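S.K.: Chains as they are written, first to last, in the working numbering: chain A, 1 to 222; chain B, 1 to 261; chain C, 1 to 373.
Just so you know, the hints here were simulated from the structure itself, not pulled from any lab data. Possibly wrong hints are sitting among the right ones.
[Unchecked claim] Here are the in silico distance ranges between beta carbons for each label pair:
| no. | chain 1 | residue 1 | chain 2 | residue 2 | range |
| --- | --- | --- | --- | --- | --- |
| 1 | A | SER203 | B | GLY93 | 41 to 47 Å |
| 2 | A | LEU41 | B | ARG204 | 54 to 60 Å |
| 3 | A | LYS39 | B | GLY167 | 33 to 39 Å |
These figures come from a predicted structure and were not determined experimentally. For each residue, glycine too, the CB sits at the ideal point set by N, CA and C.
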Amino acid sequence: MDWTAFALSLKLAFWTCVLILPVGVVAGRALAWGQFRGKALLEALILLPLVLPPTVLGYYLLVGFAPGSALGRLFASLFGAPLVFSFSGILVASLIANLPFAIQPLERAFEAIPPAVREAAWVSGLSNWRTFLKIELPLAWPGLVSGLALTFAHTLGEFGVILMIGGNIPGETQTLSIALYDRVQAFRNWEAGAMAAVLLAFSFLAIAIVHVMARRRPWLHG
Amino acid sequence: MQILRRGILASVITLFWAPGLGRAAEEPVVAAASDLQFALAEIRALFAAQTGRDVRLAFGSSGNIARQIRSGAPIELFLSADESHVLALARDGLTEGEGVIYALGRIVIIVPHGSPLEADGSLEDLKAALARGRVEKFAIANPEHAPYGQRAKEVLIRKDLWSALEGKLVLGENVSQAAQFATSGAAQGGIIAHSLALSPDVGRRGTFALIPADWHTPLRQRMVLVKGAGSVAREFFELVRGPGGRAILKRYGFTLPGEPG
Amino acid sequence: MGEVSARCALEVRLLAARPVPLDVMLTCRSTELLALVGPSGAGKTTVLRAIAGLLRPSAGLVAVDGETWFSSESGVFVPPQARRVGLVFQDYALFPHLSALDNVAIALGSGLEPDPRRKAKSLLARVRLEGLEERRPAELSGGERQRVALARALAREPRVLLLDEPFSAVDRGTRERLKRELRILRESLEIPIVLVTHDIDEALALADRLSVLDHGTTIASGAPDEVRSRPSSPAVARLMGHANVFDGLVEAAAGEGGPGRIRWRGTALVAGATGRFSKGERVTWLIGPENVALLKPGDRAGEAPENGIDGILTELLGASDQMIAAVRVGEGSDALLQFRIAAREARRLGLAPGTPVTVSLLSDAIHLMAPER
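This is chain A alone, in the form it adopts within the complex:
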């Protein structure tokens, strides 16, 4: 078992979840209730990573954030390291790849809140912010947990894009799934087996959480 790779995967999944959470809440809410021009296009763009080959995303990130390019220089000046072959790089890739996993369940959850319930909150004197905190967020809670569980598991399993822009550097970009691939090449099958088992367990756990949350409406019970 490669604990460095395991810790790195957890770190990547943790930060992806932390950073994608506000994006998912804001975007999911806007898509659920907002009526604006280009909404359909935006929804399609967010869903794109679901079907896009990870290598395509990897390619565009490699090209777009190449050290010589404008974006690449901007990124390096912001984070002190180039995007490619660095932890911040795979974090950016992971955030993009996980947009649909985080936003979709939240969008569905916000959609399920009847408009009258929000209006009832306003009429009861709750400011928009308090309505969000006290009414919308608790009601969207199962969607939020599902989104985070999916994002977490998917990040642990992300492979193609991380291999392309991360380049298999131990402690920096060699996540558990990359290390697994690496160990198979190095003929260290039992190590690979341990990693595979860990990834399997996490994926199963995530699906179980999503499944339970999909049925769960805690306010229906006492």
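Assemble the complex: chain A is given as a structure, and chains B and C must be docked to it using the hints.
M.R.: Relative to chain A, chains B and C alone:
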């Protein structure tokens, strides 16, 4: 309860907050061609025993590693399987000079147990087996960016087997993956690095034979410090070219510079 | 208009093209209950939403106690949070994740109330929900939910109470009980109440005043009895559920040296009042079914005390006590006069479809309206 929860959250955040920033300097990334998979692991252990320091090893094809260095990957020392990639980097001013040749590589034909092929370094048996249709899959490293793949391609062309093998070749991302493919049993054999064949993990899966060194361009394996490399990477560089490193490399079938092949 | 403003607690004028076309004018005094009736899609709920501030009409005015909440003229639009209105939504829109107590307490939580939970508890007691404070909406019956919604609406000490079809989501028995409770609750409320309903009987039973809305336009308003028995137009008559609506011709206006008379299907009917209509004018007239009486068998039209009419009984509907009967007037005509009859009486007389009958129309109950174009 609340305090406990906040404490846990805080420690998780500190635990995860950009570790490796401090570590990266202390444990430099040493990127090496995959033929060094086993030899370099031993050298690393020796390094740790001698200096109490560690490096992070990243293996891949030499072409891919060179590309990563060009893209700014945090690699401090590069051990290539040939010299063209190192010299190209040096020309572009990315390295500290041209580095040194640390070994000369050899290629072998390896066949897994139970294969209809024989481990025949003259490749005559391969030719006969191909003629009789006994070969379905044959593994080499990707000649596009893996030096061992290029040398395999050279000898196959030289023996007029390249076109006959077309459609049957399985390309490994690097020579280590090619070895994995060649010995998995799904292929009838492959051409891989001598150093890999000599490792117990690979060796027990099949038999191999050396292919004559003068059938291909020499694998002059060059290593170089990338600009900005720290002291640990330098020490490691010195260990590889020093007697300790040489002894290990020799055991893995490398011919050493200054010594007769 | 100034006089009305001074007297009225709630004053609403709305003009809008979307989401439904609106042309509405309402006033409602303190302690008064105004019922807003009309078919579904007439814009009743839209009016409530505009009063609550959930919708901004393109033009108009919403003022309560002289305080302007919305005025297109001066560009004032007070957000719903600052309006202090109590709104009971059609399906109550309770917060499903909160207990009954918290549903009410959260409406008190803007900082003004020192002990929101205690106040919420007393509000729940006021709507007779003691002991159910910790239940979530899903664990309450329809009637209990309605009461929670009412308690929540009252929590902010609203300056106007808006009820959107508050009895539509409960069974009949609960509905009657809730109506009774609303009547009692009203005694203690010194604010205007606007009740939206599509049920005329409900409006008649509860309201002090009625406002009829059709296609977003106020087409009648006034005292419930007045609006119902003397509708201003055939459209209002239809919305009020009148079936006996017919076309006729004024033969003599009332007060010109005799009673008014209208000609209908060859018969001259005496009408107590002919209003602004004069001789020779075409009119639409109606009579409530309660003012149509069945004569004894054998009595002919000429023997009737008032407006006797012969016909054939064509329908007898309803089972238990009160039945609705329809009489076809004239051979092959489609004019059906409806009247009510006790089921026992109908049985005693052996009434059945096909029986020839004679009915009498109370002349004072005949109401004339301008015909629809």
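S.K.: So, for every hint listed, does it hold in this structure?
M.R.: Outcome of the hint check:
no.	hint	result
1	SER203/A - GLY93/B: 41 to 47 Å	holds (45 Å)
2	LEU41/A - ARG204/B: 54 to 60 Å	holds (57 Å)
3	LYS39/A - GLY167/B: 33 to 39 Å	violated (49 Å)
Consistency with the previously given hints fails for number 3 only.
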